[in-house]
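Undergrad: Sequence:
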Amino acid sequence: MTELVTQQTLETKDGRLIGHLTLNKPKALNALNLEMIQGLHQALSQWQDDDRIVAVVLDGEGDKAFCAGGDVVAMHNAMRDNPDKTPEAVEDFFTNEYQVDYQIHTYPKPILLWGNGIVMGGGLGLMSGASHRVVTETSRIAMPEITIGLYPDVGASYFLNKMPAGCGLFLGLTGANINAADALHVRLADHFIAHEHKQSLLEQMQTLEWQNDHDANHRLLTDICGNYATQSEPHLPKSQIDAHQSLIDEVANSGSAKQAAETILAADSEGDKWLSKAQASLKSGSPTTARIVYRQMQEGKDKSLADCFRMELGISCQCGQSGEFQEGVRALLIDKDNRPQWQFTSIEAVTDEVVDAHFVSRWSENNHPLANLGKE
Numbered sequence: 374m375t376e377l378v379t380q381q382t383l384e385t386k387d388g389r390l391i392g393h394l395t396l397n398k399p400k401a402l403n404a405l406n407l408e409m410i411q412g413l414h415q416a417l418s419q420w421q422d423d424d425r426i427v428a429v430v431l432d433g434e435g436d437k438a439f440c441a442g443g444d445v446v447a448m449h450n451a452m453r454d455n456p457d458k459t460p461e462a463v464e465d466f467f468t469n470e471y472q473v474d475y476q477i478h479t480y481p482k483p484i485l486l487w488g489n490g491i492v493m494g495g496g497l498g499l500m501s502g503a504s505h506r507v508v509t510e511t512s513r514i515a516m517p518e519i520t521i522g523l524y525p526d527v528g529a530s531y532f533l534n535k536m537p538a539g540c541g542l543f544l545g546l547t548g549a550n551i552n553a554a555d556a557l558h559v560r561l562a563d564h565f566i567a568h569e570h571k572q573s574l575l576e577q578m579q580t581l582e583w584q585n586d587h588d589a590n591h592r593l594l595t596d597i598c599g600n601y602a603t604q605s606e607p608h609l610p611k612s613q614i615d616a617h618q619s620l621i622d623e624v625a626n627s628g629s630a631k632q633a634a635e636t637i638l639a640a641d642s643e644g645d646k647w648l649s650k651a652q653a654s655l656k657s658g659s660p661t662t663a664r665i666v667y668r669q670m671q672e673g674k675d676k677s678l679a680d681c682f683r684m685e686l687g688i689s690c691q692c693g694q695s696g697e698f699q700e701g702v703r704a705l706l707i708d709k710d711n712r713p714q715w716q717f718t719s720i721e722a723v724t725d726e727v728v729d730a731h732f733v734s735r736w737s738e739n740n741h742p743l744a745n746l747g748k749e
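Counting in this note's numbering, the sequence shown runs from 374 upward without gaps.
Think of the hints as simulated: they come from the structure by calculation, not from any bench. Any given hint could turn out to be false.
Pair ranges (Cβ atoms, derived) [as the list claims (entries may be wrong)]:
#1 Asp387 <-> Asn626: 46 to 56 Å
#2 Glu569 <-> Lys611: 55 to 65 Å
#3 Glu726 <-> Lys748: 28 to 38 Å
#4 Ile707 <-> Asp615: 29 to 39 Å
#5 Pro481 <-> Leu638: 36 to 46 Å
#6 Asp454 <-> Ala401: 41 to 51 Å
#7 Thr595 <-> Glu510: 13 to 23 Å
#8 Glu569 <-> Asp622: 17 to 27 Å
#9 Gly644 <-> Lys437: 23 to 33 Å
#10 Glu726 <-> Gly644: 33 to 43 Å
#11 Lys709 <-> Pro399: 13 to 23 Å
#12 Phe717 <-> Ala653: 12 to 22 Å
Every residue, glycine too, gets a C-beta built ideally from N, C-alpha and C.
Please model the complete structure; the sequences and the hints are all you need to start from.
TA: In structure tokens, the structure reads:
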């Protein structure tokens, strides 16, 4: 059986080791399942305690994608075939996923994440927490959950709120794809490096004078990434977000999900493929998701990263039980009729009670599956 997360070590010139993890499901664009998530967690835990390991590289097999997100088709099929086990299966998957995301955010050793190709959903959850986030000329990044009746999770309540005003809300509501320049602008990436330099960078990492000091090693990796980024500047694509900043500023001033959506949909998109696609995703997406996105941006604004993950686990479990997520996956990825029958036909029709149900914790503070996050 093929390993879904391949694990190897690269030896440095002074006998130290660089851990290298590769998501290895290229035919499915390296979409994450529970086995892969647990494999990442186990390897990272072992390497954190191994003094020989000075840094970690995380990438995806193939040139098309680092990771297209969670394997929602497999999740849909499991929920359909075993409805009685859906609540515990959903809780188990997202608990494990958020634990490894948080582990990456707080990892003491430098993690170089190579975000080439598609980086979406759960893939962005892995990328957002890495210390050295590299994007390339083919990077295509998004949180497209509105199209499947889910919502931007994997810490998005935290990292969307760290973006320039309006950007997080716009991206959450539209699921818009962004490129490498955009990723740098909204603080989802640290370095733009042309994909052709990847192997050279890995080889040069093996020649560095690594230290026993994590901070010093972070600086070493920052310097070498900076050198390759300078060489790569001519290949940096033009930012889409820059070109739409006035619209995003308007979105930032919206007083409700309905107002934000109306602002986006009213914008002139003639001859503008990027905005047209963003508008189409919002228009055809789940109205419930739109309400959740607006609320999560408000709720997550002042929360710690750990508290954002705890909040998101409750939202995700509610999404798994409401049926909206299953219907979205069916329409987009199973039957592919692109005609989801959402529970509500418009954003204004979504009741406050339905939205509130996603934000009321189903666990006491001490019994929360992520109770120990940030407290170890």
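Undergrad: Hint by hint, say whether it matches the structure.
TA: For each hint, the structure was consulted:
1. The supplied range of 46 to 56 Å is met by Asp387 and Asn626, whose beta-carbon atoms lie about 54 Å from each other.
2. Look at Glu569 against Lys611: about 20 Å separates their beta carbons, and that is not inside 55 to 65 Å.
3. Between Glu726 and Lys748 the CB atoms are about 32 Å apart, so this pair conforms to the stated range of 28 to 38 Å.
4. For Ile707 paired with Asp615, a C-beta distance near 37 Å keeps the hint of 29 to 39 Å intact.
5. Taking 36 to 46 Å as the suggested C-beta distance range, the pair Pro481 and Leu638 conforms, at roughly 45 Å.
6. Asp454 and Ala401 have their C-beta atoms about 19 Å apart, which leaves the hinted 41 to 51 Å range violated.
7. A C-beta distance of roughly 21 Å is found between Thr595 and Glu510, which places it inside the suggested range of 13 to 23 Å.
8. The given range of 17 to 27 Å is broken by Glu569 and Asp622, whose C-beta atoms sit roughly 36 Å from each other.
9. The beta-carbon spacing between Gly644 and Lys437, approximately 28 Å, falls within the hinted interval of 23 to 33 Å.
10. At roughly 42 Å, the beta-carbon separation of Glu726 and Gly644 lies within the given 33 to 43 Å, and the hint holds.
11. The hinted range of 13 to 23 Å is satisfied by Lys709 and Pro399, whose Cβ atoms lie roughly 21 Å apart.
12. Phe717 and Ala653 have their C-beta atoms about 19 Å apart, which keeps the hinted 12 to 22 Å range intact.
Of the numbered hints listed earlier, those contradicted by the structure are 2, 6 and 8.
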